[in-house]
Each structure stands twice: as C-alpha cells, then as structure tokens.
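*Asks:* In the order they appear, the protein sequences are chains B and U.
Numbers 852 to 1117, taken from our numbering, label the letters of the first sequence in order.
Numbers 17 to 414, taken from our numbering, label the letters of the second sequence in order.
Because the hints were derived from the structure by calculation, they are not lab data.
Virtual Cβ for every residue (Gly too), placed ideally from N, Cα, C.
Hints may be right or wrong, so weigh each one.
Stated by the list, open to error - Which stretches of chain U does chain B cover? Using the computed rule of at least three CB atoms under 8 Å from a CB of chain B, they are: (1) 193-200; (2) 261-273; (3) 306-316.
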Amino acid sequence: MSALEVAIEGMGLWAPGWRDWTTARSGLLGEAEADAGVTRPSADLLPPAERRRAPMPVLLACDVASQACAHAGRALDSLPSVFVSTHGDLQITDYMCSTLAGAPRELSPIRFHNSVHNAPAGYWTIAAQCHQASTSISSWHCSLANALLEAAVQVLGEKSPVLLAAYDAQSTEILSAVSPSDCLFGVAMVIAAPRSGLPRLRLQPGMRAAAEPDAAPIPQSFQKLARENPMAAQAMPLLAALAAGVPSRMQLPSGAASGLQIEVLP
Amino acid sequence: MPAPIRPVSITAHTATSALGRGLRAHLEALRARHSGLRANDFTAVALECAIGRVDGLEQAALPDEHALFECRNNRLAWLGIQQDDFLAQVRAAIARHGADRVALLAATSTSSIGATEEAYARLDGGRIAHDLRRPPVHTPHSLGIFLEQALGTRGPCLTTATACSSSAKIFAKAERMIRLGVVDAAVLVGVDSLCGSVLFGFNALELVAPQACRPFDVRRCGISIGEAAGFALLERDASPSAPQLIGWGESSDAHHMSTPHPQGLGARLALQGALERAGLAADAVDYINLHGTATPKNDEVEAAVVADSFAARTRASSSKGWTGHTLGAAGILEAVICLIALQHGFVPGTLNCEQPDPLCGPQLALGNESADVRVALSNSFGFGGSNCTLAFARGARA
C-alpha cells in the first residue's frame, strides 16, 4: 500500500515539569528548563467537582486533548477521537483487585464505572458535549503506533479531522512488577488531511525493519521521562522530531514483528 | 452524511458462550429457547444472580507453547477459535493475503483482569506470586498479544476496549482499514470472561438482577452477566455468497458514564450512521438484535428508539436472556446471532420477556419466528456513552 499522509493541526502535552506542548517543545530544543511547579494536569475543561475526583488518566487525557483542540482552533464538540494507553488505569486496577480480595461487596460503584478503559473518552465526550464517535484502544508497548494508524485511517476514510490522546499514569507498588510506570505523561494531536503550512506525517505499516532509521535524538532532559513512562517512551522520538522541525524518519514498534515507519515532514 | 460503503465479506465466523461451543450449539439453543443462564456458581463470596458461564474452561489449559498467556480470558479465546474450523480459515487467509496484510482486531472490556484479581488474592509477601508475574496477562491488550503470537498475523494489532460496545466497534475499524487498503483481511475477536470485577462492580451499581434477566419485561430489574468469545474473518472481494457487513455507525452519548442518554440521542446517531453507510432506509431492516440488557433504563430508551424508527414489520429482540450480557464480547456474539438469523431465516424472540414494557412497539418479537431475513442490525451500547450499530446482509448470491 502507499503511505497514509496526514497533517498535525494542533498538539497538547503534559508531563511533570512541562505544562503544555509550547514549553515542552522549547525544552526539547534546549531552550527551556522543566518547571518544578508543574505537578498535576489542570484539566480545566472538567467541572471543579469532577476535577477533584476524576481518576488521573481522565485528568491527563482531558488536559492534553483540550490543548490540542485549542492549538488546532477546533471546537471541542467537533472531533471524533482515539484514546490510547499502554496500561489503562493502574490505580483503579489496584483498588478493584485489593477490594475484591478483601471485601468484594464493598466495591465502589463510581470507581467501578471509572474502571473502564474508555473512562477518559467518556469524561471527555461529556465535558466537550461531543457526540462524535470515540474509540479507546491499547496495544501495550505498541500503543502509539496503532493509535496513529487508527487515527490516520479515520481521517482519510471518514474525511474528518480526528483527536488523538495518548497517556499513561503511574503504576502502584504491587503492579509495578508487571506494569511499570513511574510518572505521568500525556500527549494529544489533532490529525487532519494534509494541507500546506502544517507539519505532515507519512505512515507506512509493515514488517519491522532490522536497522533503526535515523530519528532525531531525544535530549538528555527528556530521557528520564522516556524511561519512566511507557507512553513517553513511545512518543518521545516523534516529539523530538516535531520539535526539531527538520525532516526525519523513525520506526515505532506496532506488533510482535511489525513496525510503523514514520516520515516526519515539518 | 457518510457515503454508502462497499460491503465487506464475512468469510468465517463462530461463537462460544453459555449456549455452547460453535454455531450449531447456538442455533439449537436459540431454536429450543434453552437459556444458558444458571445460578451464580462462580464467585467465592456469595452473590445472588444468574450467570452465563462457559463450561469446561477449567479443564481447557492453553497449549504449553502459549503458557505465558494462561488465564481464563485467553483460555476462552483459544477454546472459541477452534470451533467451526475458524482457526484453519484464518490460517488459510493469512497464507492467501500475506501475514502483513491481515489485521488482528481484538476487543474486550476487562481483558484478563481475572488473572490480576487472582494475583491480589494470593500475594506472596506483598508481591505478585512468581507464577502470575507474567506482564502480558496484566494488560488490556493481553488477548491481542496472545492471538498475534498464536496466529502469526503481522498487520495492525490492537485491542478496542470501550466497555460493552468494544467488539461491535472492531467491525467499523476493519471496514475502514480494508477500504483504505491498509489490509486485505481482518481477524475480529471479542472475548470477555467472568471475573469478580464485573460481577461485584455491576452489583455495586445495583444493575444485577437476582434471577435470570428479563429484557424489555415490565418487571425487569437488571442484567445477568455472561462470558463469551466471538470471531469473524472479514475479507476484501471474497466469495459472493458470504454474508456481508454493509454498514456501521458510531457515536457518543456525551451524557453520563453509566446511564444512557434519556432520549437515546447516541443510539439514534449510531443507527443513522449504520443506515447511511448501508445506503438503506429503516424500512429495509428485517431484524434487529437489540442491546436489550434488561436494565430498567437501557431497555426504556432503546424501546423508544426502535418504536420511533422502524416499520411495524421489522422484528426486534434481545438475546441476553439466553447468553447473559457478555459485555465486551456482546457486540460480536450478537453479530454472529444476526448472521445465524440471515442464514437460517430465523428470528430469535426475547427469552424471559412475558409482560413487555408498553414502551415497546410492535417490532418486539417475544417468541421465535421464521422470517426472510435479508438485512439485520445489531445494537451495542457501553459505559462512557459509547454506541455502535452494525448492519449485515446476506451475500449477493446466498
């Protein structure tokens, strides 16, 4: 098949020390330092009561998704969406499994309905009053590649821009043995049909190439983030390339032996 | 408004649920009005409810080469994929198209969380015991990782987890990928298995019926949870006699995490999308397999949507009284029931519904019926307000 070519209309990002894509891009270019005051995503879109109570993946996803829509100049209720996470909500998994092991009848109904993998998508569509289609997926450590492909297929197949939100929150003491994640990270993009003036991605799924193509290097200051958060690990090569603003190629793992070749045309 | 799509052939399909293993077991149980539901014998802590349990999983260990993925959900997947020669047909499709031209689209709501529950039930010094310290069973994508290894597909491989619409939405994904030429075929797999999370979770929400669920009955009081594995192989330009996916619609309620939109706005949008992509008016629909969970609210909203949208001759029913609500597997299990209806000219009624809610229109089938079913729809709605309607038709030369 020929490559799927799409454009990026807008970006959002949240990580400890980095409140948005603009500051993170400066950081990736070595022009800004992390801000120690940035410790929790704000998710201003959510009503205050929900902002206090909502699970962290919901806050992360809503925060970066709103940023990306604002950056793209798209109304929040206008975009179909693809939400993706490597591990889902490990804090809630830990709560559910601990409670079930001790007092299953005491399970909280709200935490149960928040345990679905599409909780961030649910809160997002409610807060954004968006009736468009929304999907929530995971491909473990191949999550970002498959989410980018799914978003591009929707953009080109349904002729509509699509919101992509990718995130992972922290693991817990017990679950770290099988699903490690030591910090928060979320990134969002509004992806659209290619047009002039916007950075473009050419996506080519296929068998994974033996040699890694020459991607932009990940700056030292972001390597810790990429080690500590599985979605950051998947996203950082692409983010570094987009920040650098020079054409580059990379490969993201998309399955046991497959890879998504990405050509970045800033 | 979406343009009509080119139909995609469904060249193989099967299902395993409380009704048994494979298509014949499903057809026979549906025809005989024999429910698969039984009193809960699954949870260690007593919980009064009916469940749709698949017999024999306790004895159905995975082959040694797949031991890394051992857990109830993957056992159910492996048992189910052997039925109706499905595994052999997938392998033939991979040989025909090339492994990198075949997508693996998995769907589940709880994946293998049963294994994580077990890990917490028998922690070893506060840590996950060694035999359960297997990362690929503690991820939402467990089913996808396992089957990608077992089948050898090399196309896109992802798990959709949008609660109870999960395995309906993979049909939409497959159609888009095939239409755009990303792949030539897609293996669709929806599996959910019984676990404490869903039984006690739905119980906490007061959505579980104490006895077998009664969809659309005025006395309905909640769901019966079941487990199932459903499979479909979708291919471009395949046999003209194969049944077809002819439309899909997806939408979001944007209303509440666990209660449907009161006017069924999302359900109506999903229906509209499916009919538009099928290029059909509502009066062309012969049969609808409803979401019909038997919660007071779902059935109230869905009954009104059906009564408003369809001609009196359209037949509609819920099969949850047979299988229970199989959550993330419900979309594909009920797609398979639609394919059975198309193939056998058979409309299953609504088991356990004796006093239909007056909101129901004349479409609701209580008893089984014979009918010339050419076009069938399936509704699937999930937590988070995630809705999907699928449209199927008999093959052009069937």
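*Asks:* Now look at each hint and say whether the structure bears it out.
*Replies:* Comparing the hints with the structure gives:
1. 193-200: This one holds; 5 residues, not fewer than the three required, reach chain B with a Cβ under 8 Å.
2. 261-273: Coverage by chain B holds here, the residue count being 8 at a Cβ distance below 8 Å.
3. 306-316: violated (count 0)
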